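Colleague: Following the hints, position chain B against chain A.
The lines below spell out each chain.
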Amino acid sequence: TQLLEQSPQFLSIQEGENLTVYCNSSSVFSSLQWYRQEPGEGPVLLVTVVTGGEVKKLKRLTFQFGDARKDSSLHITAAQPGDTGLYLCAGGMRLYGGATNKLIFGTGTLLAVQP
Amino acid sequence: KAGVTQTPRYLIKTRGQQVTLSCSPISGHRSVSWYQQTPGQGLQFLFEYFSETQRNKGNFPGRFSGRQFSNSRSEMNVSTLELGDSALYLCASSLRTDEKLFFGSGTQLSVL
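One line per chain: the protein sequences are A and B, in this order. The first sequence begins at 1 in the numbering used here and counts up by one. The second sequence begins at 1 in the numbering used here and counts up by one.
Okay, chain A solo, but in the shape it has when bound (with noise of 0.2 Å):
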């Protein structure tokens, strides 16, 4: 079984502070993707990791892929309150018919920042 462990799972900073949430597995993935959810909606993608020791920047987010696929981080400078909400992190696959949308969802991390 495919699992992806996220920490920390909650998380309540003041505005302005770093944080880093990690997303960790013991299975190599094709791609790595982070989303965010507020309440009552659907995820929404940040971005896509798909190769080892990758590192995006997203404004004040800085995503990275572990050299072995297995593994990313999400780091967010000077946090702000719109930044409030659950953090995923979902593995891609490729299965033998090749592409797929089916992704193995973390365990998630609520965040809120206090103003």
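Listed below are the simulated DSS-like cross-link pairs for lysine-lysine, each with C-alpha atoms no more than 27 Å apart in a straight line:
#, chain 1, residue 1, chain 2, residue 2
1, A, K70, A, K56
2, B, K100, B, K57
3, A, K70, B, K57
4, A, K59, B, K100
5, A, K56, B, K100
6, A, K57, B, K100
7, A, K70, A, K57
8, A, K70, A, K59
9, B, K13, B, K57
10, A, K70, B, K100
Derived from the structure by calculation, the hints contain no laboratory data. None of these values were measured; they are calculated from a predicted model.
Modeller: Below, chain B without anything else, positioned relative to chain A:
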């Protein structure tokens, strides 16, 4: 461009009943996937459809079924509902398989 539309938004059913949920993908998208989200298990993959064909299925009992129509709209059906089926059911569409997924707001199903 309209996003992924799921109907109904909320649904309350009792044990033993069946339910049908609907998903209209973004115009032009041919791939539709369904996920179940619960506080205990998180997001779990249910099915994936492309051009009316089921390409992939998750580890759910046979009570969970789905289909996709020629206009790419999709439905999922759950028969003989159990309390544990209470969840947020999310539909996602993409232009083709293995491309960026766009999720709908979901259908919140409560089984009493």
